[in-house]
Structure formats: C-alpha cells, structure tokens
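Engineer: Here is how the chains run, residue by residue.
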Amino acid sequence: MTTLEGLSHGLTVALQPSVLIYSLFGALLGTLVGVLPGIGAMAAITLLLPITYYISSEAALVMLAAVYYGAQYGGAVASILLRLPGTPQSAVTTLDGYPMAQQGRAGVALFAAMVSSFAGSMLGIVILVALAGWLGRLATSFGAAEYAAMMVMGLVAASTIGEGRPAKSLSMVVLGVLLGCVGTDVNSGVQRFTFGQVQLLDGINLVALAMGLFGLAEVIGNIRKAERDGPPPHVSLRQLVPTRDDLRRMVAPIGRGTLLGGFFGALPGTGSTISSFLGYALERRVARQPERFGNGAIEGIAGPEAANNSAAITAFVPTLTLGIPGDPIMALMLGALVIHGIQPGPMMLEAHPDMFWGLVVSFGIGNLFLLVLNLPLIGLWVSMLRIPFRWLYPAIIVFVCLGVYSVRGSTFDIVMVAGIGAIGYALAVAAFSPALLLLGFVLGPLIETNLRRALLVSRGDLVTFVERPVACGFVIATAALLALPLLKGLRRRNG
Amino acid sequence: MRRDLYDAAWGGVLALLGLAVAGWAASNYDFGSLRRMGPGFFPVVLGLVLAALGALIAVPALARRGTQRHFAWPETVGVVGSLLIFGLLLNRAGLVPTTALTVLTASAVAPRPGIIWRLVLTVAVTALTWVLFIGGLDMPIPAWPRSL
Amino acid sequence: MTDLRRSLALASLLAGAFVTSAAGAQDWPAEPVHVFVGFPAGSSPDTIARLVAEPLAEAMGQPVVVENKPGAGGVIAIQQMLARGNDDYSFGININGPLTTAPRLIADLGYDPVADIAPVGLIATSPLVLAVGADFPADDVQGFIDAAAEPEAISYGSVGEGSGAHLTAELFADAAGVQLFHIPFQSYAEVTTSILGGEIDSGFMAPSAALPHVEAGTMKMLGITSAEPFAQVPDVPVLAGQAGLPDDFRAELWNAMIAPAGTDPAIVERLNAELNKILKNPEVQDRLLAMGWQAQPGTSEDLAERITDDTAMWGGVIDRTQAAN
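Protein chains in written order, with my numbering: chain A, 1 to 495; chain B, 1 to 148; chain C, 1 to 325.
Hints listed in this document are in silico derivations from the structure and should not be mistaken for laboratory results. Idealized CB from N, CA, C, for every residue including glycine. Warning: the hint list may mix true and false statements.
[Stated by the list, open to error] Chain A side only, calculated, beta carbon under 8 angstroms to chain B, not exhaustive:
| no. | residue |
| --- | --- |
| 1 | 47 |
| 2 | 53 |
| 3 | 54 |
| 4 | 390 |
| 5 | 391 |
| 6 | 394 |
| 7 | 398 |
| 8 | 425 |
| 9 | 473 |
The task is simple: from the sequences and hints, build the whole structure.
Structural biologist: Pasting the structure below:
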C-alpha cells in the first residue's frame, strides 16, 4: 500500500461517524483534563480504558489518542493564565507565557500556544507518514551510550534557561537530579532515600513535583498580591490578536520545535516533557536577544508547544511499528490495542492497515477540531483572569490534589505536594528556578541509568562513548557547549 | 547593611543538604567504581557538588546587600494546611466533606473579611468537584464516609 | 418508660446489626466489592482483573470495582487492601512477586504474605521464553549454553533486580551451570529494543513481548519455561529436560486473587467457586491466551501451595545471586 492509498484508506476509516464522534469527544475531554491542573492525559485515558472494551478497536484507539494530544492543547491554558502547568510538559510554557499574561497579552500568548500546538501536530503527522520506517529504526539504533550522551548534552544545553547567578541555577539542576535518585535504583535494586516508605519505591511523583513547584508556590505568593493589585484591566479584542511581528517571530521556533519534538517523540523513554524543555532551551540558545526570554518572549511559547505536540504524534511510531511504548501513556495505548486483540509490532502496518492509517488521519482531523474549538475559547479563558483570585485559588488547590491523586490513587502523593509546595514557595521567594529543578529531575534518572547501563554493556570500557559514532557526536557537542562561554570570556578579556 | 539573607540561608541549607545526602549515601550505598558505578556513586558525587554550590551561593551573599523580600507566612500555612487536610482526610471522610473542609481552610487566609462568601465558595467548589470528578470522570473515590 | 423503650429499640437495632453481620456469608455481597490491582490500567494484570471482574459482578449481583493502586511492583495495592481491614469487601488481584519474593527484596514491606493474606485462587500463569536476536549464532538451548561457556560472555536483560525475568535467568544459569551477565532494564519494551539494537544478547520475557519480532524475523525464541509446550507459541520447545537441564525445570509468573487474612472463609470459598466457573469458560480462556496467559482454575489450597513453593524456589535463587555479588 502506498502512502497515498494508505491515507485515502485511512480517511474512510476516520470519517466513519462512530470513529469521528469518539475522536471529537476525546479531543474535547483531552482539552478539559489538560486545562485542569495536575490531571493529564494519563488519568483521563486510565478512566476511559474500561469503556473501550465496548467499542470498536479503531474508535477506541482514536479516542484515546485524541485525549492524549488534546491534553497538550489544554495544558498551556493554566500555564499562561495562572502560572499553573496543566501537565508537566507545559511547565516550561509558564516561563514566558505567564509574563505575557501579566503584560496584558494573555490572548496573544494563548493564540501562540494553540497555533504552535496545531502546527507542531500537523507537521508531526507529515514526519510520521514520511519517515515512519526511518524513525522506527532510530529507536533500536539508540543504545544506552547514545541516550546517556544525548541527555547530558540536553542537560548542559538547558542549564542556562534560568535567570540569575550560575551557581543558583546549577544548584537547582543538581538538586533535581538528586531528587530523581529517590526510589529503587534500576541498576542495583537498592532502595535509595526511601526511609522505609514503600510509597517512595517508584520515586517522587513527577506530577506532584511539577504541581508543587509551579502551581502551589504561585498560589501562595499570589493570594495577597492579587488582592492588592485587583483584577487586570479590561482586554480589548484588539489585544487578543497577535501583531505581524508576533506571527513573524513564531515561524522559525515552530519549525525547530517540530523537528526537535519529532525526533525525541520517536525515541522510547524520552517524549514530550523533555521535548518541551529542550525546545525552550534551543530557542533561547539561538535567539539574538536571549535576555528577552523569561520576560514574555513569544518564541518561548511557540518552540516548546510545537515540540511537545510533535512529540505526542511521533511517539506513536515506536509503539505501533515496534510494539515498544516510549512512555507510560503509550504503554496504556499498547494495552488498549492488546485488549482488542491487536499486537503492535513490525507487522502492524501489513496486518492492520485500517488501524494504522485510520489513526494517522484521525490525528489530522482531531487537531483541526482542536484548533477550531480552542481559538474561540481564548476570549473566554482570558476573561477568567477577571475572576478575583480569592475565588479561584481554593478551587485550584482542590484540583491540584485530585490531579495528583489521579496519577496512581495515592493520598501519600497529596501530602508530598504540600511539602513540595512549601519548599517551592521558599525557593521562589529567593529567586531559584523551579524549571531547572524539574529539568534535573526529568533528565537525571535517564542519565544515571543509561550511563551505568552503557558501562555495564561495554563491560566498564569508557571508550564506548567515543567508539560509537552517534554517542561521540553528542560528546563533542557537549564539549563545545561547555567550551563556548569560556572562549567568549577569554576573547572578551583579551580584546 | 542588610545582607542577602535569603541567598545566604538557602546556600547554607543546600550545602548542608548536599553533605547530608553524600554522607548518607556513602555510608549506606555501594559507591562502586567509575567503570562499574554502584547505587551510591551519583548521590555521593552530586551531594558534594551541591554542597560546593551551596557554599558558592552562601558566602558571597553574606558580603552583599540583598533585596528585601516578603515571605507570606500565613498564606503558606493556610495552603499547606489545606493540602494536608485533603491528603489525610480523603480516604477516611470521602470527597465531599474533604473538599468542603479544604476550601474553607484555604479561603481562611484570603485577605478579605466575611464568612458568607467563604461559605458560598465552599458550596460552589464542592459541587463543581462532585460534578466533574464523580459525575463526569467517574473517578473511583467515595463521595461520603464509608458507613459504619 | 420512654427511656426503656428507647434502649429496647437501640438493643433491637444492635441485635439486628449483629444478625446481619452473622448472616454475612449468605447475604454477601450486599455492597460493591473492591478489587485492588497493583498495576496501572492497561497493564496485563489490570486487563486480567477486568476480564474476571465483569463476569464476577454478574454472578454476584453487585458491582466489582477494580481499583488500580500501582507501585512498588504490586506491593502498594496489597498494602492498601490490608489497610481497609478484613471487611469481606476488599480483595486483591496481583502477581506472584508481592506474594513470594517481596519480603526478601523490600525492606519494611509491612505485611507477611503467609500470615496476613488469605489465598482465594490462582487465575492464570505465564511462562517466559528465552529470546535472542535473529543473528545470534545458536538456534537452540544447547547452542546458547555452549556460547555461554565462558563466564559472563553472554548478557541478558531483565525488568529489574529481583524481577521474574532476572530470577528466571539466574535459575536457568544455575541449572545449566553457566554464568550470564545481567543488565537490568525497567520494562520488557526496553529489553526488546536493546536486543534488537544488538546491545545485549538475550532475555527471558513474556511470549507476547517476543512474538511480533519473531514473526518479523528479527528475533528467535530458544525455549520456554513451562512444563509443557505453551499454546500461544506451540513450536517453542520446553527447556525442562533439554541440554542437561533438570526434568522439573519450571518457572512461571502468575496472577492470583487474594483476600486479607481473617476474611470470612465462606466468602473466600464462594469467590473461589465463582472464579473457577469463570476460568472454565472457553471464551475467557481464549482471551487470556491471546494476552499470553493460561487460565488456571484451582482451589485456594493450590494457591497457598504455589506461594510456599515459589517462595522457597525464588528464595534459593536470591540467596545465590546475593552471595555472588
């Protein structure tokens, strides 16, 4: 079956009324759970899974997938309006989205997030269709050495996204990596820093950490301030519309973000949270005026939002073509397929062309629907800012609690959020960057397990990082990233 | 001269935390070697790095004028307290009473007097929560305490 | 007089309450039954639990609520079940690990699999296959063992220290008299990727994890750990009795239904009977098999025996691996 035949075949599958309705329902529900802080696609898919026993396999998968990418749209809303990430992957959108909202440009920020999400998804679909075979091979050609070298590079590249003194930024990255060490060590089975708490064996809950560091810290700091400042001035319709300059600034970041996200999405074990962080770091690196970042740079929204949506699409490649789920949500998708008697794997395309092409086309339809749904909602979201904060924050607290609870039904995690929120607020007051802590937490365990695994695989031979061409490339790039500021400093001193 | 007390304090805390982590890891987990790292390798090395960074933050801060920052104590206590109430009560009291108590506690620290708006808010948020999570998402949480 | 009447009314109320609880086994279940599953929705233990929960609810006329409490390899769900007490409405469907090896691997486990848990019945078992990449030089177990003659020459991936995949491989290595090189991963997906990428040589895994790649010609299955050939992969030879391995060589993962110790024995018996009826249904058996699981109807004593036997067997393997480290 050629690509064109496949697409037209997929169109007939995706346009079946039952499939279409489930797709739209999934996209709608995804947006809703994405907007609610803490509750992400994971929880919604978990709750929907039992329903999928009773509907056709195409409808089931299309619906679950729509929840997944729909949540990526919704996640940005609370990030921009309230500095409260709806999902961990949209945490980075707070960095420039929230300052924009404070400057009265919430509408433009939301517009940028929606359009970048849409463009990232659509281009992601193009990448998926054009490069499915190549992306599938990518997954197996990346070993532990490549992952370790690549993640170290990512960490080094992204360590600069915080403001202020380098020692303070670095301390947050290191603290994040150390927090990532909590739980059962993959390589030895040793339970580290769990202090007898079985609840900590799988580590600290990422959602709890993201909600505590961003959402709650912001709530605490904002209660009195919001009352003093009063609601923001009324936003005219004109201010909702991006300027020509805004649009021009969004184009290149969307392109870069899509490529970056498409790459990381296809790699098992990485995925959309890492994509959005690295997308942000990349934009800051290539920007002519990096100092604009953190103060409402629209590129800081466009890049990461395109990246995480693109990653959400290409994440289906290893899941469908290898039967290898890249993250817990993809593992759920795989489970849903298996329930319907479909075993994804290398034979998937030939054995179940309906499913594969139907899904691909439904991605396009779903994303179009999400754009049409979300653009008119921008006005509504912005008007939410006029609700006095004292009416909002108690509800936010309840939603955060339920969101964290929904991840694995654990009240222990809610108590954790309380503690993390207090610490997060104290860090925020002293101007430490929570984004860097989260980055260290996400990348740290990947670096540690892969570094140690690579050395196990090579039987302790460090040459493995130089011998393998891809790994070597990352090592050289990392060295260059580290050397660049030093060289700049030297030149300044000499010149 | 007012020193940059926040940086000094946090630097100190991070330095001590780093040392504690490194010490605990060194005495409890196998360090291994560079070629065959044990579970203690990362925590020990990074703990020491954190300690060094903490010192780098704290020491210059002592000799520097800091910006005055406001720490919202009552709000911190109220928000953290309301979260603890939610976490500790949910399984025992069910969603509805827990949500109501959480909202009341959280709104107690809002800088606006009056009891009526707090009660209205409590009822509204509790109802919304019930509709969204029990009615809509059908989450497996009991709405009320388990009958005895 | 009113006081007397009031206390009489109270007494009769209490008596009534007493009678209903004494009649519990007959009237049971009078409210929804909760089943705690140690893995997230969509995982195979969850799918098995839901496969059983639906006909169970139908047979008993009360909803069966599947509660996913994932974490610590299934241990959290058992703790949560025990935390609700033996109220006759809290049960668990879990895998073998938390009931057999967990006390050896997890400090502060908080329960004793024998003293604190009443077995209800085994649900299904799954063997593991020994899988290698397609370009692995050997095509059978004997060749694999020959290739592994030099200590640590052959590496294998597992889903973690103390996981079924790890312990099975060590059991195999011990029986075959070879030393394999262990590289832990977090999921079968990672192990498979690593084998396909040529990073590691082999791994013991669920048949359904290897099957798609075998069909695509990128992997080979050299043997299976069940006592008899497995219906999902009938061509894969059993390891027992081959290449010098003992005739009783067997290693299986299983899923079982459990209750807190102290649950009314009549209720446990009723549940076991319903469970067996469900497991004898050919449609249920087929759906289990499609996921790589063999239905295993049996008594609660069978499960108790399984727990004791496996605890002893895996305990021995853990002793040996810990001594080797």
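Engineer: Just to be careful: measuring from the Cβ of residue 54/A to every Cβ in chain B, is the smallest value less than 8 angstroms?
Structural biologist: violated (14 angstroms)
Engineer: Is the shortest C-beta separation between residue 398/A and chain B less than 8 angstroms?
Structural biologist: Cβ of residue 398/A sits 5 angstroms from chain B, so the hint holds.
Engineer: Can the hint on residue 47/A be confirmed by a CB-to-CB distance to chain B that is less than 8 angstroms?
Structural biologist: Cβ of residue 47/A sits 5 angstroms from chain B, so the hint holds.
Engineer: Does residue 390/A hold up as a contact with chain B if the rule is Cβ-Cβ below 8 angstroms?
Structural biologist: With Cβ-Cβ at 4 angstroms, under 8 angstroms, it holds.
Engineer: Just to be careful: measuring from the Cβ of residue 473/A to every Cβ in chain B, is the smallest value less than 8 angstroms?
Structural biologist: violated (23 angstroms)
Engineer: May I ask you to test the interface hint for residue 425/A with respect to chain B, counting a Cβ-Cβ separation under 8 angstroms as satisfied?
Structural biologist: With a closest approach of 6 angstroms, the residue 425/A hint holds.
Engineer: Verify the interface restraint on residue 53/A: the C-beta must sit less than 8 angstroms from at least one C-beta of chain B.
Structural biologist: Given a least distance of 15 angstroms, the restraint on residue 53/A is violated.
Engineer: Classify the hint on residue 394/A as holds or violated, based on whether any CB of chain B lies nearer than 8 angstroms to its CB.
Structural biologist: holds (4 angstroms)
Engineer: Taking 8 angstroms as the limit, does the beta-carbon of residue 391/A come near enough to a beta-carbon in chain B?
Structural biologist: holds (6 angstroms)
Against the hints set out earlier in the document, violations occur for numbers 2, 3, 9.
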